[in-house]
Amino acid sequence: MTHASETTVPRPGGGFRIDLKAAAPFIALAVLLVFGALLNPNFVSAANLLNVLTRCAFIAIIAVGATFVIASGGLDLSVGSMAAFIAGSMILIMNGMGGDPTIGTIALAMLIALGIGALCGLANGVVTTAGRIEPFIVTLGTMGIFRALVIWLAEGGSIAMKDQELRALYRPVYFGNVFGIPIPVLVFLAVAAIAAFVLYKTRFGRHVLAVGSNEEVARYSGIPVGRVRTLTYVVQGLCVAVAVLVYVPRLGAATPTTGLLWELQAITAVVIGGTALRGGTGRVWGTVCGALILEVVGNIMVLSDLVSEYLIGAVQGAIIIVAMLVQRSMSRRT
Amino acid sequence: MGSGDIVLEGRGLFRSFGPVEVLSGIDIVLRAGEVHAVIGENGAGKSTLMRLLSGHLEPTKGTVAIDGVPCTFRGPVDAEHRGIVLVHQEILLAPHLTVAENIFLGREKRRGLILDDRRMNREAAAAVLDLGADIDPTTAVERLSIAQRQLVQIARALAVDHRVVIFDEPTASLTPVEADALFRVIARLRERGIAVLYISHRLAEVKAIADVVTVLRDGRLVAHHDASELEPFDMARLMVGRDMSNLYPERRPPPAAADIVLEARDVSVPGFVENASFVLRKGEILGFGGLIGAGRTELLEGVLGLRPSTGEVRVNGKAVRFRTVHDSMQAGIVYLSEDRKGKGLLVGQDLRTNLTLSALDRFRRGPLIDKAREWAALDRAITAFDIRTRRRDINAGQLSGGNQQKLLLAKSMLIEPDIVVIDEPTRGIDIGTKAEIYRFIAKLAADGKAVIVISSEMPELIGVSHRVVVMRGGHIAGEVDGARMTEAEIVVLATGVAAQAA
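Those protein sequence lines, which keep their order, are chains A and B.
The first sequence begins at 0 in numbering that gives the first Met the number 0 and counts up one residue at a time.
The second sequence begins at 0 in numbering that gives the first Met the number 0 and counts up one residue at a time.
Isolated chain B (complex conformation) (with noise of 0.2 Å):
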């Protein structure tokens, strides 16, 4: 494998939760100059792995080195002065405070008891411009894009002195063209020296950037591979531990003429989209392709009646106005957010509050609701959409991401809706789930209701669905099915150009 010095390492690591032991024996090198990329389903132990070598949580058994030199983190500061950095997967930033304050943050420069602003901002356009950004340091971070917001942690983590720099799914929320610049910025780390350690969903992407592999399975090492022997298929063989050359359903073919179920006219969401139509049919699952940011999550809440927007909508060709979301759930559409945690789920709630919410009156007798009645409906969606969990009286939050995605379905599919809008509907999902999600949706179009999807991922767009609209910058940029739903030439309709490199 790698030649570099070997910075830091795990050796027979093993963490445990109270009773469950949720890693048990992993052993990991992180060479200086190699990008070590660590991949497993969720729960397959990759954030606890990551959170042992930053200091966020200690090893119940094993030992962390750094140089050879067995040592034991007082926490992820003490790691951070020791040189091993942490780029969160959330943003951890301010939004009232601009560029330069948040990469100071906690480190500000000063001179005397005045605060440095001129040489912090120096400093902070000059870290962004290093990772390949432009962005004002005086700007305040919640005027940034989501992924200039990620570059803006990044260029905080990187703040200290850092020889291992680890990045815990940092694509997740990126577009293309945005992960491409991450991944300039990791190849310049690497050519600096610095020991990279890398967790992904995405294999295409490890296997585009990484050195070398770390599989998990369940907590345990499965594997360590150099990454050119390895590809995307055997790594999902090996996460999975079966065959994965069905993750997407037998692709049925598009209805032919089937009757329209909603159409959008000429619809305007102010300051995010303009005059864009298409048509759902039924049976039918629609692609919505595009860049973040390009007006796709807005054009749909603008049209489900979750924003202001103008224009017509007709469902089964009459024309309606929703006013609330409770409308258009009244007329059989039902919408799941990207944001399954923010918008989708009372997470500080239990799972049968959270089934029912958007059909309780299904749950009423009299004024009263029928918990008896709640409680079986969560029994039959923990059997229907096999969500995994240990209790059932667990609140929401205490799921892992693909079970809060199965009940955040199943409480969907509760109001009985003829058109599914689904957006983002694997994002941070492990891969044995979202066979199981592609199935489902599969499933619902073959059962006659409409289907839209909303997807950065575009192999996920291209996988299941009939037909694929792109926008860009707010607008519908085009339409690609058959033949020409490809890769190449959804991005040149997202981003305008013919593709340089991609």
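Isolated chain A (complex conformation) (with noise of 0.2 Å):
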């Protein structure tokens, strides 16, 4: 054993073995859109399919970034809270501004909407670090105080954009397209993009899988790991920012309920894509199509008559046990 060497022993698989494990929600992915377009062919026309891209924009983006807390061994709870906070302080901001409505007007609530969600984020991360809670905990903690600062803000009521002009403006970032595909989805394959140029490709992104490995094993050996920890909860601050930027234009208002139950759906579509729980790896790919996966799975509910869409919520439940059952026992064979 001590004495193989590589002329001695056979490379099992050689270069072109497919790792089930990162294919799997693709496999399961392609199966559930053959599925639907067996149930209902409408499922698979064009102008279905980019209405369920655009539907899942949202939960796609911030799973994103919850891809990358998790990868380092966090969690976040405040996201759902956190997109109704921002979108509301961004729409109150617009709703002061005044002055003549302009894109100059748009683009810096934007930047402030940004922000805003990276303060939310630095909030949970430093907490989380320097006071050494444990992250479920802490973003419960701010979870509740997020939503009760919209509901605050709202007086119990809605927060509506007042002036139609800008609404107008702001309109197409949800409902326009480029070349035919709806700009909520280019802006989520960009952020899914950056993301996984992030994680895979920079010091940062292995430093977050490193410290979602093994947090002392990373401090031995010479990582910041609450910088490290930390800048995870920014960079899913951010995604939420950026996912109210293309939610705010589709209501022009945020509610009370606006993004409630998101960080559940977020931490599904994370772990449907493949990213342990446990962290040390990060699926940002994977991710995206665990978003799909649960806006899929609601679309074919609504078109066929298989189970009430009703049962929404317990369909993505079971489909989020089955995919952990399924992981285990394929990490299991390996």
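Zero decoy hints are in this set.
DSS-like mimics (lysine-lysine), calculated; alpha carbons at most 27 Å apart, straight line: (1) B:Lys-442 <-> B:Lys-340; (2) B:Lys-281 <-> B:Lys-317; (3) B:Lys-340 <-> B:Lys-370; (4) B:Lys-281 <-> B:Lys-442; (5) A:Lys-200 <-> B:Lys-340; (6) A:Lys-20 <-> B:Lys-370; (7) A:Lys-200 <-> A:Lys-20; (8) B:Lys-370 <-> A:Lys-200; (9) B:Lys-340 <-> A:Lys-20.
The hints are simulated quantities; they were obtained by calculation from the structure and are not laboratory data.
These two chains come separately, so use the hints to put the complex back together.
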């Protein structure tokens, strides 16, 4: 055994060995698509598929951020409330800016929204790392805080964009398209591409995986563990803000129920996508695929009469459990 | 050989994992009242043999027989029911539960529906006392020392009716004093007519406690011998298949009055070390000896910014303050943890990721990590450090202990340090690899770097160091060099008492 060298031991599988674990979510999505097409031909129409892609954009963008947090061994339950808080603040800021509505007004509001998102993430990160508190507890707390702030800002009602002109100007960000591809889809593809680049190609990404893999090893290797952890929450906050930028023009309002349970959908998407909840792996494209699976399942349920669409939550819940079971059985085999 | 009745035997045992045969045709006989040692390098098949005999694995070919009757174990629990218990090398206890709760975990004593804690505590205390230790059975395991945990683990294993007890490198994390206590436990087992299978790397202790020695090499049986016929030196030769007289490299003279590269003055690490001072010179190998818990690791971790500490640290004469280990790496000091899997390597990540983790800045092209250069570095490291791996793309956890240590060395050298601190450099490593690591340490010093070696293995400290600092109870107890650098001197300093029997 000790004397086995490259010449005597064959390389099992050779170079074109497919990583089944990484491919599983994509295979599941493909099966779902075929299944949907068989049930209802309308399912595979371009219009319907683009609609599905657009609708899953919010969760996909947020889940991409969650991939960083989870890959580093953390967890963020506050993203849904944070989305509502950022949306509410952004609308209030636009309402308060006055003057002639221009692209510049929207751009400024967007920048501020991104800043708020980054700060919310920073708060989660600093309290978690400097305070040495479980991220589950910290973000459970901030989840309540952000949600209450929205309700307080909205005085129990809803926060709507007052200026109809501004609304019209902002509308294309959700409803518009470029060469037939809806803008939200382009945004989430761009976010995923940047995230994949950062996670797989940069030092920060490598550090995220190392910290999630084993925090002590990372610390002994000279990695600033606290800073890396904190930054993953900032990335998460930025992703939530980007999702909000696309979400606000859809309804032009934020309500106390905006973003409700998004955190669970985001975590579901991450886990279905093959990122282990205990950290150390991160699969950005898997996460995107996971978000798509959630939306496609909902869409198929609406288009077919197999199961009442009121049971969407139950089906999504079942999916995450099945996904975990599949992952478990595959990691046993290797 | 022995005369007791044959309790457990393996006949013509083979075991393969996939296409790889790790055990080929092993015969072994365990007799009542006999201590049977199995020795061999890492990967020689010791653990596999042990797992076959304790029901953790089934042989691919061959039979295991109890009292001469062939049998198939349905798993370790089945083997336990038949009186074969295994004391694991790793501590497998629930840290938050008490000593008694751990000993009776899964076989709790009850009175009606309610746990009979009083009885369990009483019996646990008796069981631990029987092993020559006095531990309060209501103490949480997390508050025990490693050695005490090991004893609790042994007590737990012995709490079932047993005829065969298998020890898997039980002294790996014990100091000499604690190991002696364990040997007395084993001697008592032998007196009671129990068959003991003892697996170890430490040949001197095998010589001391074993009646019979079985040597494995590359999955094959090399020899059975009465222990009285073999000196540790012969055992090493049989294990490696070549002469091992040059385990330690030739000692170079210590640097006469070389510059002091690292100096610690009155360093205290709260709860572990008080007012420790030492100096390290260029080209020197400085050993740190002492019992486990004496504060050696904590002192060095405190100096290097891995733990909060107070006191003065100077590098090349300049006062420095390391707040994180990143700072000390910048200053050219690298620390290799004794806990390779917990603090040294990411066992779930591949070799390349591990190799470059501390030195990623050297593999950057703009914001990107240059993977091609990382792979090239891995190829160089595999050659330079003789890392034996079948593939380049496996996880670090799949390497053997010795190869993990070589990978950790390669990783640490990538930051091009001037001072290297190695904590337990050869723990759990086979003798062939040990020699390689000693040579490497000697070469570092010869190249003008300074090396600190923390070790609980006294022959190793004496074999590689120019000078040994001995710690006791969080203080520096003394320092030995030259002719005074003997096991006896070190034990006196480490324990604070003249060596009674050692």
